[in-house]
Amino acid sequence: MLERNISELKLKSPLILASGILGVSYSTMKRLVDVGIGAVTTKSIGPKPRKGYKNPSIIEVNQGTFLNSVGLGNPGIDNFITEIKEIKKFKFPLIVSVFGNSIESYLEVALKAEQAGADAIEINISCPHAEVSSIGIDKQLTFSIVKSMKKELNAPLFVKLNPNVTNIGEIALAAQNGGADAVVAINTLAAMVVDINTKRPILSHGSGGLSGKAIHSIAVKKVYDLYKILEIPIIGCGGASNWQDVIEFILVGASAVQIGTVLYQGFDIITDIINGLKKYLKDNDYSSISELKGLAHEFKTQEVPDFD
Amino acid sequence: MTKNMIETVKIKSIIEECDGVKTFAFERNSTVIPKPGQFVMIWVPGVDEIPMSISSYNENGEWAITIKKAGDCTNSIHKLKVGDYIGVRGPLGNFFQVPQEKKKNTFLIGGGIGMAPLRFLASELIKMGYNFKVIEGAKVKNEVLFVNEFLEYQKENLEFHFCTDDGSYGEKGFAPEFFEHLIENFTKKDLKDSVVFTCGPEIMLHKILQICIEKEVEMYASLERIMRCGCGLCGLCVLDPLGLLVCNDGPVFNSHMLAEIEDFGKFKRDFSGKKTSI
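Line order of the protein sequences matches chains A and B. So the first sequence is numbered by this note's numbering: it starts at 1 and just counts up by one. So the second sequence is numbered by this note's numbering: it starts at 1001 and just counts up by one.
So here's chain A without its partners, still in its complex pose:
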């Protein structure tokens, strides 16, 4: 009922752990699969260990909406290989998110991850508070990195898109033309908060990326627009906090949905979402969630406003 295939990946549910949330240890990722997650995406892994920005680096700014500037903190691919091997013992689809400081270093990390057992590679070219965002705002650079990596990799390649651009569509098309197997839309939105008592930005880095509730409707609009122009699958990402949000993403054209920020509520939220999805399908006489994909596009929307 909830099974989905994305490229070569077979998912038992359309829910994928989003990169940057809990993707440090094999054990938490296994726990997420045990409660219903269909595939996991690791924290973005780079060529060497990196501590990232100091705290505060993850805070809530409104109920269910978080701001973070982790700054791509990660143990480095050579340390992370042990974790990948542990995960592979459990036989669930593993997507390793990678970044680098050049096409060569992206590729180096991705190849090591693939060799260790990654089922797919997601490239992070869009983290709004780190240097890699420069690739994700340029269609030519996006095309080049995807093309170069596809040439060397056997595993499917997903591209996580930066929403902090004027035209996300042209970047997505560049990724598709480069040979990407899917796009993930969207990464966090650049944002900041200032404490009025101390009068200073709260995050150590000053600004960060907004995730959670507040960005969900923005993400839905991006997926809706991308579905009209792309042929490759779109993985929806952005503030999905309950089963209704997941259905909404699928109706606008997402093939699967990433879950991240809402996990602050605990692992049980996944079980709630899975149960909600099943009940919705049953109540509406659908035998598979794939039947819902893109249905929102069947409705004509008003293009020209009414005039007196």
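The hints are all genuine.
Below, simulated DSBU-like cross-link-like pairs (lysine-lysine); rule was C-alpha separation at most 35 Å, straight line:
| hint | chain 1 | residue 1 | chain 2 | residue 2 |
| --- | --- | --- | --- | --- |
| 1 | B | Lys-1274 | A | Lys-12 |
| 2 | B | Lys-1155 | B | Lys-1141 |
| 3 | B | Lys-1035 | B | Lys-1207 |
| 4 | B | Lys-1010 | A | Lys-51 |
The calculated label-pair distances, taken between Cβ atoms and stated as ranges, are:
| hint | chain 1 | residue 1 | chain 2 | residue 2 | range |
| --- | --- | --- | --- | --- | --- |
| 5 | A | Asn-79 | B | Leu-1151 | 45 to 51 Å |
| 6 | A | Val-194 | B | Val-1032 | 22 to 28 Å |
| 7 | A | Gln-63 | B | Ile-1203 | 36 to 42 Å |
| 8 | A | Asp-268 | B | Arg-1028 | 27 to 33 Å |
| 9 | B | Ile-1033 | A | Asn-177 | 56 to 62 Å |
The set of hints was computed from the structure by calculation and includes no laboratory data. Glycine included, every Cβ here is placed at the ideal spot set by N, Cα and C.
Keeping the supplied structure of chain A fixed, place chain B upon it in accordance with the hints.
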């Protein structure tokens, strides 16, 4: 205001507890009531934000944290004055589950700054009319915490035992050994009617766990790990192989869980997520 949002508050009072340890009190707009064992994320503006156990809370809504100078952030906190701002998020995590039915023997075993959450627990247990025994371990005499406060409680027929590594205050030796000595003549029934709440260096907690498993004593320990979020997102406080998170599933874990946690007493994650020895 949710518990994961930063609230900046003015430091209301600072008490020097002993060499390198100060207690900072503050009031919050948030009306949420913390429980012993819970923690807060403390932001020192411009420096860092770190997890800290709550060391007291009173009916007037005054919270306190007791901090030992141990690194850049704690050194900076020690330089703050009354009236300076700090940021607070919380209360976070679970808390010490006090058995509904009063146990005959309740032990609070703390090592060093690990006494902070146990001090909050002690004051709550007194309010609940609980009898308990405190075993406090410290390296040397001038690092023994909350002595005067505990001696005040002693009038209420509560037992306090102090031990130092060098014998400069109280007994000479370590808290786990002293605990083992206290229960050595306990009958099976006495052991079943005992509960341990502990916090301190993980090596100490590990020794206490071994004793509690062997003697079949119920035990709860509060653990510490590096965290970014304090609320189940960053994953740095993971405990392998169970995938438990110290922030959301803990910081307090019972002996059954601790026995299954291979990282316990051995490994933690650093700020990059890399596994390192404790």
